Structure formats: structure tokens, C-alpha cells
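Enquirer: For this one, chain A is given, so just place chain B on it according to the hints.
Protein chains in written order, with our numbering: chain A, 54 to 218; chain B, 139 to 912.
No lab work stands behind these hints, which were simulated from the structure alone. As the structure is a prediction and not an experimental result, all values here were calculated from the model. Using N, Cα and C, we set each Cβ at its ideal position, and we do this for glycine too. Errors might be hidden in some of the hints.
[As the list claims (entries may be wrong)] Reference listing, derived: stretches of chain A covered by chain B, where coverage requires no fewer than 3 residues with Cβ under 8 Å from a Cβ of chain B:
id: 1; stretch: 96 to 102
id: 2; stretch: 136 to 148
id: 3; stretch: 155 to 166
id: 4; stretch: 178 to 189
id: 5; stretch: 199 to 212
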Amino acid sequence: MAERLDPRFDLSFTLNGAPVEVATTTATTLADLLRERRDGRGTKLACERAVCGACTVLIDGLPRAGCSVFAFEVAGCEVVTVEGLATDGALSPVQAAFADNAAFQCGFCTAGMILLAEALLARDPDPDEATIRDWISSNICRCTGYGPILEAVGDAARRRREAAR
Amino acid sequence: MTATTNDPPTRNIGRADRRADAREKVSGQGVYTVDIDLPGMLHARVLRSPHGHARIRAIDASAARAMPGVHAVLTRDETAAIPMPVYGYFIKDQPIVATDKVRYEGDIVAAVAAEDEGAANRALAAIRVDYEPLPVVTDLESASDPDAAELFEDAPVGIVPKYGAGASGALRPRRNVCYRFSYETGPADAFAECDHVFEDVFRFSRMHHFHLEPFVCVADWSREDGVALWTSCQNPFAVRKEIARIFGLAENRISVRVPYIGGAFGSKNGCKTEPVALALSRLAGRPVRFCLTLEEGFLTNTQHAAILKLKTGVMRDGTLVARESEILLDSGAYSDGSPLVAEKAGYRISGPYRYRRIKTDCYSVMTNTAPAGPFRGFGGTQASWACESQIDMIARRLGIDPCEMRHKNLIDLGEPFVPGESGMDSDLREGLDLVVRELGYRRRGALPDDGAVKRGMGLAIGFKDGGGINKPALARVKVSTNGDIFLQCGTVEIGQGAHTALSAVAAERLGADRARVRYMPIDTDHSPFDQGTNASSGIAVMGQAVDRAALAARRQILEFAAGTLGCAAEELDLAGWEIRRGNEAHPLAPMIMDRFGGTGWEFVGEGFHKAPNSPAAPLESPCVFWEIGWGGAQVAVDTETGKVTVETLFVTGDAGRAIHPLVCRGQDEGAAVMGLAQALFERMIYDGSRLVNGDALTYRVPLADDLPADFRSVTQEQGHGPGPFGAKGMGEGAMLPVASAIANAIHDAVGIRLTELPLTPERVLAALAAKDTP
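Chain A on its own, in the form it takes in the complex:
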């Protein structure tokens, strides 16, 4: 019964720089598709209503709530998840800044916050405080009170600029 309502198809997209060919169904969300993979559980699901942003992933560079994107929508797209940020085991500047500033506590929002910050800094390498606050306000963190996250994003921007120099 489920098969008839939810037909299978083959999906191709790029995940963290590597091509992915996967059989999935039309009703499968991107977040569920990612979490079914052994290396995909860093994407966390919380509200599943595109409000909290815990499941944020980058689709062609834009932050999107993975819970509310169908898998078929990413056909041919570049998808980046938290698992794709480190290079040869070295944390990205945003990850390192989150680690050094204790910009997390329980860690459940952290992947989404980090990807949100990556998207911001890719667009605006030197955001002012108001811009950082505006962007970070699209995701929910229940633990930190946000201060360390806002500081980590500013810190990450500095690290990225220094690395690019």
C-alpha cells in the first residue's frame, strides 16, 4: 500500500562533494534520506516544521530546513551537511570557532547553527553584529542564550579572513 502511494525513484545529487545515486521515494524528506545513511546522523531533527533549524543543511549554498525539503528537490544539487565541513580531519574555521567559544551545550542545534554560519560567511565574509544576530535568529538554541554563538560567528569570520590572506 505504501509503495503505491509513495513510488520509488532513483535520485542523483552531490553530497559533501561526492556524487550520490540513491533509490528513494517521493515522500521521503531530505533529512530522513540523510539520516538513513551511516554517515548522515549529524543532521538532527527537532521540530520537523521548518521552525527550529536544527536540521539545517546547505542546498547549493543556501541554508534550508532538511525536514521540510523533499529528497527529490535536491536532484542535481550540491548538498552540504555538517559531515562535509572538516577537511582531512581539520575542522572548518566555523567549526573551530564554535568549539573554542563553547558555542554549544547539548549540541542538538549545533550542526544547523554551524551550517547557517557557513552560509552567512560565504555570502558576507565580514558581517556586522546586527547581520550575525539576524541570521542566527532563524534557528533555535535552547541552551546557550546565544551569546557564545554570536561571538563564535564573528570569530569564525576573522579566522576565515585570516586564512584567506
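Expert: Using the frame of chain A, we list chain B on its own:
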């Protein structure tokens, strides 16, 4: 950071290095219960009551049982075979699935385990339930009226703990009240000598914890010889005990494992998803994952709404004399942690002030709403809201500055809170003076008004007893041949930084860097017993056990080396996994293999801590430490729109000694923002028995945009804590003063007093209108 300690530099204590869980959490590698996936695992969903209160005439689940992909259906027919299918803390009143009645909208009526959640949901839709609706109880003040409907007709099955001097408890003292806590000290006639007696009533709104990781567990009862449970739970040993009692199992056949927890704030104490998942797993013979949605979380556990009536007697110079209080806590439909919350709200209602007379009665009132339970602050938030508002009101009535009024009455450092209690372990005036300075409180008279926008400042001191009641802690530290440290204890990592702080303590005692410590995964089969990760007890209670365990291991290592080197252990020191004797350094690994052979050895130290029992202490044992949150706010009140803008929020806690400064700051600021949200907007809204905003979109939690333009915290290190290196617990204190500091600031700005949370524009405007109407 104001470091007031003069301790020598250390390897680990006070270092703002990366948290122990940093790498895993920023790289997406940290494992949470939601990530557990077992072969053959089924998925559970539950059918919930659409009625606030109803008798169940019949349940027909036959169609659901026959549906494809369905492996087990759980109704009252199945739970009848379970030895004790009810659970709760003091009172066992919550059924695994409803039996005779449902008592709130969202009460679990039936459960299904199926190949996937979709199949389970389709099966639930095929279950027919015949309800006979009953009148609902939702109002705290009329719940005990003779004509009020009754949630429980039968006498409660429960216990009252053994209280000490002045304290008492009672089960079901009146209709729809599951528990009453009372406390009394001092002469009953104290009010007679007061110059003034003030009576005020305060109302406290109700929040949901909104932990991002949902309530979730994976239960495996597919084998005859025991059950395994992975759960997002703050107190795995308590859950193990409940599971054993419910299902008639031996505790050594139940393995409870707790990976990282994605937030809890109190909600994940005690059974939540576990009994349903275990019952289904047993029926299906396969592992079952039961993961609630966030919306179901609202229906599972909440904070306590409250009405607090205070009667306070004072002298005309502002000296506090007597305080009587009656507190009604909205406990929802099942008792959960409510008796304990009642105990704490009642005990904390006098605040950090000296009185000759205290009398308090706190009632856990049952209503047809979601069960309330532990929530950050644990009754202290309700108490602080009322207490710190009324102190301000009394000061203004007497024409005394609210800060001076507090100064005059605060308990001194070392002075017992009440007779039989431990002494105050923070200098309360030092913290208050810090807030006054940081806020610029003395200059508040010069704050500029801006047309219709008026400014003001307010202060508050949140207060609670910390560290839990009569709580034992046990820890084990193992050190391998190569000096790798295994830290085993039952404190779970909810995000509070327990791995970091406790590992730092163990490493410090063993002369090692924290990176050498692995905080071992929690499994009730191997982890030392623990009552639970709650009551800000991590560093102040478990920290002392870890400290002793590490010192015991250190002692063994030094004695071993002394035997080998032919000297006294007192001559030796341990650093960098070498034995230091004067200016000699002896590597330990070869010394160990020389004695024990090439495979080497492990040194094992155990440490235990518990506050001594005392009949003189009102709550079984003296308080472990006092958790204080000082706060101050500057607000701008728009008298045309009623909007309150918190321009400055300053909070400060006393870590005693900050084992890890970033962790301490995170606890205070996270707590303060929760308090800020409760003050201004965050609340569960009920229409009768129906929750109308129980989802992420309509239930507003604070975002980064909600932070005051000037939001700061300072971690004091006053050095008086009982924990390792003088540490005290953190985590709840800074939530406590925020709402009353803001209400006090509003009063300062525009001369109105709001006594009900949240402090919405509508309430501000109504109070302004009332003030202007003679």
C-alpha cells in the same frame, strides 16, 4: 570574570579550553538516543485522548492488529498482564496506557509498534475508542470545591518522605490535591509585633522545556534474559528501578544506556517513553524505537503554573519579621515530580532573607492538563518570582530603596537559612553590590525618558537550595599502565558540561591534562550508581565523589611507586605520568610492567559522597550548597503601546570556583535567557483543557533577536563552595531573578506593579489605565 581565589595555577582548573565534547558536537559525530538504530527495530506511535477528562467505555483495536506492518498493539487489555502498570515519583498514578479514564488532552490511550512510523500511524487511526466525557478541572482555586470533578477517585499509592524539624508532607490532603508540603518555624504570634503586614498574590505562567532532542528511547526486550534500553533520560538508575517494579524484573537484567542528551531542563527525569516502548518490544519480540514529536513533548511534561499568596510582616524600618504563604501549583493530570516541586517551592518561598517566623503550605493541584514536573529552577522560579516582587513592593510602600531593603535583611555568609540548615555559602551582599555597580543602579534617577517611553531599573536575587535532597554520589577512576584515565560516574551530559568539569577534576588530582581522561559511556550495568543528573548537583555532589575517587587512585599509584622506590609515599608527587621525587623523574609505565608483567595493570579508585542525614534539617539532610542568581534589568516602557524593552540584563552567579569558565558562563546565560522569555512572552496557553499553542510555530521561544542590546553575565568565584576546589553548582540560579528584576524595573519606570507573568503589553497598558483611573 572576577576571580577572588588566590590558588596557584593549575593544569586544568579554571582553563577556558575546549569542552570535552566540543569535537564530537561540532562535527556531527556525537551520538544521541535518536541516532540509535538496532537491526529489526520497529517504530512506535501512540493514540492520545482528544478529551480533557473522560471515562473509557470501550476500546476496539482489532482492525489495527490486523493491519500490514503492525507487530504489536498495546491497550489496557495488554497492560493488565503487567505487574504494576503505573509510574510516578512519590505517587504511582500514571498508567502506561489509560485504563479506566483519560485525564488530559494528550493522555496515552493505545500504542502501536510497526515497521515504520507511517504504518503505526495508520494503525492508530483504525483504533476505535468509546469515551464518556466528564467535566474538566482546570482552575487551581476551584479544584478542591466539593462540586469539582475528581481526577482520581481512589486513594493514592505513594509515600511521604521522612522530613526533619518543621517540615511535613501529606498525600491527598484535599480533593484534587496530590500532595501538600508544609514548613513552619518561629513563634506563631510574630505578626502581632509587626508594624505592617502586607498581603499580595502572584501568578506564574507555565512553560514547556522545549528541549530540542525529543523524548525518545529504544527498547529491546527481544531476548528472554533481559532488556536493554537506550534513552534520553536524566536519571537512568531511577528509571531502571521503575522499570524493574513495573514489569517485575530484576534490576541486574535491565541495562539502561544514556548517550548524549539533546537538552532536558528537568523534563527527562523519570519514566516518559520507556514503559510504552518496553511493553511493545516484549509483545513484538523486536526492538522498538519510540520517538515523540516536539508537539507531543508539550503533552508529556511542563513547568508548573502557580498562584502564590504571600503575607509578610515587617517593621517600619524595613526589617522582615514574618512570612506566611500559600502556594498552589498546577500539577496537571499526573503527579510526576510535583510533590518534590511542591516541597521546593514551599521551602524556598522565604528567599535569602532572615525571618523570625516562616509558615508555608504548598499544594500540588491536579488539573486536566498535561503533567507538570521538574523544570529548571524546580519551584524556585515560582518562589523567586513572588518573593522578589513582594520585597520590592514592600520597600516602595515603606519608602525604602529596594536595594537597601534587601541589604538589611539578607542572610549573612555562614548563617543558616533556617534552623538546622547549612550556612549560606555565598556573600549575598557582595553579589548584590556587583549587580548595582554593573547596572549603574545608583544613577537610575537620571535615566532619560523619551517621550512616551519611560525607563527604570530593577534588582532581584534568585535563591534555591542546590544539590538535591540527601543525594549520594559514587565515582570510579581507573588509570591504565600508560596513564590513560577512565572516569566512570552516572552524571549524564545534557549539555551542562559535566564531562568537561568532572574530567578536569579527575585530571587535576592525577597530575594529568584533561585530554588524558575519557568520560565513560553511561550504562547502568557498569557505571557506578547515581540518583540522577538534576538539582545542579553535578559539580557540588558528584564532583566530590570524583575528587575522592581520583585522590584514591592517586594514593594507590604513589604507594605502588613508594614500594618500588623504597621510600615513603609522602615523598612522591605525580605529574605527567611520572613519579617525581625531589628532582628525579621516574616514568610509571616501565615501573608498572616491571611489577605486573607486560600487559600491565590498572589502578582503580572509588569515591563516595553524601551529605549526612540530620533530623534537625527540615529536608532530611542539610542543603549541599545554596544556588544564588543575582540579576538586574534596565527597561524602557512605551506607555502608548505597553511594550517593555529590556535594554540591559545583567546576571551573575557564584561558581565558588569556576572549574571551566565557559561552561559556567553558558549555564548562567542560558538560564537567564529562559527567564527573560518567561518574563516577556513565553508561555503555554490553555483554553480550558486544550493547549492552543503546543507547537514550534505558535509557542514562542527566545531567538538571538530577543537578547537585550546589553546582555552580560559575570561568574563570581567567592570560594566558599563544598565542591572540589571550592566549586558550587550552576545551571538554575540565573533563571530565578530575571522575571522579578524586570517587573521591578517596570515599577521603577512607570509606577505600575504587574503580579502576573508574562509581562505583556496588554497587562502593562491595563495597569497604566488602572493607575490613571482614580
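Enquirer: Decide, hint by hint, whether the structure agrees.
Expert: Hint-by-hint comparison with the structure:
{"no.": "1", "hint": "96 to 102", "in the structure": "holds (count 7)"}
{"no.": "2", "hint": "136 to 148", "in the structure": "holds (count 5)"}
{"no.": "3", "hint": "155 to 166", "in the structure": "holds (count 9)"}
{"no.": "4", "hint": "178 to 189", "in the structure": "holds (count 3)"}
{"no.": "5", "hint": "199 to 212", "in the structure": "holds (count 5)"}
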